[in-house]
Structure formats: C-alpha cells, structure tokens
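If you read the sequences in order, they're chains A and B.
With my numbering, the residue at position 23 of the first sequence is 23, and numbering never jumps.
With my numbering, the residue at position 198 of the second sequence is 198, and numbering never jumps.
Don't take each hint at face value.
Under the rule of at most 30 Å between Cα atoms (straight-line distance), these lysine-lysine pairs were calculated in the DSBU-like manner [stated by the list, open to error]:
#: 1; chain 1: A; residue 1: K169; chain 2: A; residue 2: K112
#: 2; chain 1: B; residue 1: K112; chain 2: A; residue 2: K54
#: 3; chain 1: A; residue 1: K112; chain 2: A; residue 2: K7
#: 4; chain 1: B; residue 1: K8; chain 2: B; residue 2: K112
#: 5; chain 1: A; residue 1: K54; chain 2: B; residue 2: K54
#: 6; chain 1: B; residue 1: K54; chain 2: B; residue 2: K7
#: 7; chain 1: A; residue 1: K54; chain 2: A; residue 2: K8
#: 8; chain 1: A; residue 1: K112; chain 2: B; residue 2: K54
#: 9; chain 1: B; residue 1: K8; chain 2: B; residue 2: K54
Hints in this document: simulated from the structure, not taken from any laboratory.
Remember, predicted model here, so these are calculated numbers, not experimental data.
There are 2 protein chains.
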Amino acid sequence: MGLRERKKQATRRALQGAAVRLTLERGLENVTVEEIAAAAEVSARTFFNYFATKEEALLGDGPFTPGEHEREVFVEGGPTGDFVEDLIDLLIDSLLGSGDLATHQAEAARRKELLDREPQLLPGFLARLHRAEQELAAAIAERSGTPADDIRSSLIAASAMSVIRHTMKRVPYGDDPDIEAARTLLRHAFRSLGEAFGRDERP
Amino acid sequence: MGLRERKKQATRRALQGAAVRLTLERGLENVTVEEIAAAAEVSARTFFNYFATKEEALLGDGPFTPGEHEREVFVEGGPTGDFVEDLIDLLIDSLLGSGDLATHQAEAARRKELLDREPQLLPGFLARLHRAEQELAAAIAERSGTPADDIRSSLIAASAMSVIRHTMKRVPYGDDPDIEAARTLLRHAFRSLGEAFGRDERP
DNA sequence: AGAATGTTTGCACGGTCTGAAATTATTGGT
DNA sequence: ACCAATAATTTCAGACCGTGCAAACATTCT
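Put together the whole structure using the sequences plus the hints.
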C-alpha cells in the first residue's frame, strides 16, 4: 500500500478520533467542525472531503453488513439448515465483521457511549440499521425463494434487527467478546418472539 | 378558544401546508425556509418559532401514540385477553388515532408520499417510530407484569412496530380506511413471525 | 526530472438555526 | 373605549454547516 493511501487512512482516523474525543469531552453541540479539523491538523475543508457531515465522522463507516461469503452460505440454505440457527450465524458475522475482533468491540462500545450521551445521533444511526435491515431482508427472501419484496422477509429481517439491537446491549463487553454467550442470548430472544406470536402460547 | 389561539393554529397549518406543497413541487433541496415562510406570509424567524427544523414542519406532530384509554385497557389485560389480538387493537388505535378518520388517512398518505420522494426525511421518521416503540414496550411490560426494562417487552414492541411499518404499506388507502382489512393483515403478519421463530415450523 | 494524477487548502457563498431587542397585536380590567 | 399587561412577530446580527471552484501542493509513474 502506497504512501498516499496510508496518509489518507491516517488523517481519516485522526479526524474520527478527534471528533469522538472532543464530543465526549464537551458534548456534540459544543464542538465545531473547525475544531475537529484543527485537532487533526488539517483544514476544515478537508474534513468534508472525508465525511459529508459531522455525524458521519462520529458513527464511522457502516458495519452491520455480513461478509460476502457468509451471505452466500446463508442464501444457499447453510450452514446448518435450521433457519434460526443460520440467521444467528449471519447476524453474528455481520456484527463482529471481518476485521480484528477487539477493535470492533471497542468501536461498538464507543458507539454505544456516544449514542447514550448524544441522542441527536440516534436518527442517523437508526437509518443505518434500516439499510442493513433491507439487505438482510433481501438475503432472507433469496434463501427462501420468495420474491424480493415479499412482506414476510421484510418482517423477519426487521424483527431480527430488533433482536440484535436489544440483545447486544446485554452481551458482556470488556475483555474478549464471548461469542457463545451472544449466541445463547440470540437464541433466547428469537425463542421469546416465537412464543409471543406463536399459536400455542401467549405471555 | 380566543383569537390568539386560532391565529396560531392557522399560521401553523399555513406553514405546514406551504412546506409540504413546495417540497412536493420542487423537492426538499430546492425549497428554503425563507420561501416557506413567505408562502405562509410570515417572517422566516417565525417559522422557527413553530418548528425547530424544516423536517419537523413536514413530518408533523408525532402520531403513533395510543389513546390514554386504550392504553389503559391494554395494560389491564383487555379487551379480549388474547395478547396478539389486543396488541393489534392497540396498534390500530395508535395509527388511526383519536381525531377525524379521513383527516388522519390523508396525513398518512401525505407522509408516505413525502418519505418516498425525499429519503432524507427517513432518519427523522425512524426516530419517531423509535420513540413510539419505547412507549409500546413500556405498555407491554406493564401488561405482563415484568420489569420495565425487560428485554422481551422491548423485543416484542420492536417486532410489532416492524409489523405495522410493513403492513400499513399494504392497507388499501383511498376512499375510507378498511379497518377489518388492516386487522387481517396484521394477524397474518404476526402469524408469520410466530412461524418463523417458533419451535415447530421453519420457512 | 518532469508529466500526470490525486489531495489539500483558501475563499466565497447560500442555507439553517439562535439570541436579543424592538415592534406589533391580543387580552383583560376599569 | 382606553390602558396596561402579556404574548407573538419581526428585524438584525451572527455562529455554524456544507458545497463549488480554482490554486497550491504532494505523490506516483515513466
């Protein structure tokens, strides 16, 4: 990778880091783009070459998209053949993504912190999830051979996104991410939904 | 109601109307607050006395909250005792709200139109739904006697919101709203979820 | 080294939104 | 009907966001 590329990544990280740090220190309202750019030692104009908005610098690039390969496997009906189990696999892959695990974990924690302290970020964040949800719906539709706009796929995808949204809050952060614990939590969550809406039981 | 109050409502409606009309005519990007204010025959500053942002004028006041009474009934375990049926009742009430039915219908159609044409409005809209979702979760928790932050309530609420989001697209708009049709669609939707996540069946 | 290409910067501008003070309209009492 | 209290509107100045453009600068490739 050339010098040019490395420098770009460096300033990108610098900008993002400065944005997050300053926002946590002073609150989003009391931080200007100019200050962020100054902290990263670039001009304010350059900030906007990297991020379209201040929010974008804070929320980072969209995670929540599964790897090419994992999506493929899911669509083909794998890896286990059981819908819920495979869905869980796909979701965990989407969340923990490809890269370094600890890094990803740190980002998630940071995002959580920011969202808690700066509710203004919520709309943008939800919009991201919404995009991810649509992709997931497409994958589910493909797997089950239904037309792409089948309402059931959208519905299942939406519920699945709710599940990860609410379940991931409970996954023990900290040292190293306990994937098995996450998997168990997800299983229970989906089970609850089945019970709530299923034929046989009602809460 | 005094003259003062009536005038306020009038300008509010004028502003909102002008905002919607101009946006549908030219696209959100090509309409300034100044123009909206001018069309409503007030100053631009006054616009901001009524709405915090341009978006707010377009999306209107938050619907999606059930009536006081209906919420009460739901929390107490009514009206039928069947969880899903009662949930559907509550959702329909939230959507169609208290006021005039035709009016509400028109607003919904207008919102749909705006959201289709101006995707920038989506984040804000999703944030509203999110707020509604939290209220719904609280109601569900109350009804089932679980602690307010019980994960299952949040989960069910989230799925329910997904259901109405995706189902209401299919409800025939137009003449007068077919509530029975909506009810049936909702039943099917919840049934699909039960099947997708339930013990016995898998798609 | 020098041309080609990509990145950063400065500048000017249109737009959103906020605060404060001056102005105008409504209300209620007399 | 008048007048004081109260509330809404307007004007004005200003901070900040985000974009287009062209000049300056750095890097890559030959």
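Hint check results:
1. Between the alpha carbons of A/K169 and A/K112 the distance comes to roughly 9 Å, so the proposed pair stays at or under 30 Å and holds.
2. Distance hint between B/K112 and A/K54 is fulfilled; the C-alpha atoms sit about 28 Å from each other, no more than 30 Å.
3. At roughly 28 Å between alpha-carbon atoms, A/K112 and A/K7 fall within 30 Å of each other, so this suggested pair holds.
4. Of the supplied pair hints, the one linking B/K8 and B/K112 holds, its CA atoms being roughly 26 Å apart against a limit of 30 Å.
5. For the hint linking A/K54 to B/K54, the alpha-carbon distance of about 19 Å falls within 30 Å, and the restraint holds.
6. The straight-line distance between the Cα atoms of B/K54 and B/K7 is roughly 21 Å, inside the 30 Å bound, and the hint therefore holds.
7. For a cut-off of 30 Å, the pair hint linking A/K54 to A/K8 stands: about 18 Å separates their Cα positions.
8. As the CA atoms of A/K112 and B/K54 are separated by approximately 28 Å, the hinted pair is consistent with the 30 Å bound.
9. For the given pair, B/K8 sits about 18 Å from B/K54 by alpha-carbon distance, which is consistent with the 30 Å threshold.
Of the hints listed earlier, there is not a single one the structure fails to meet.
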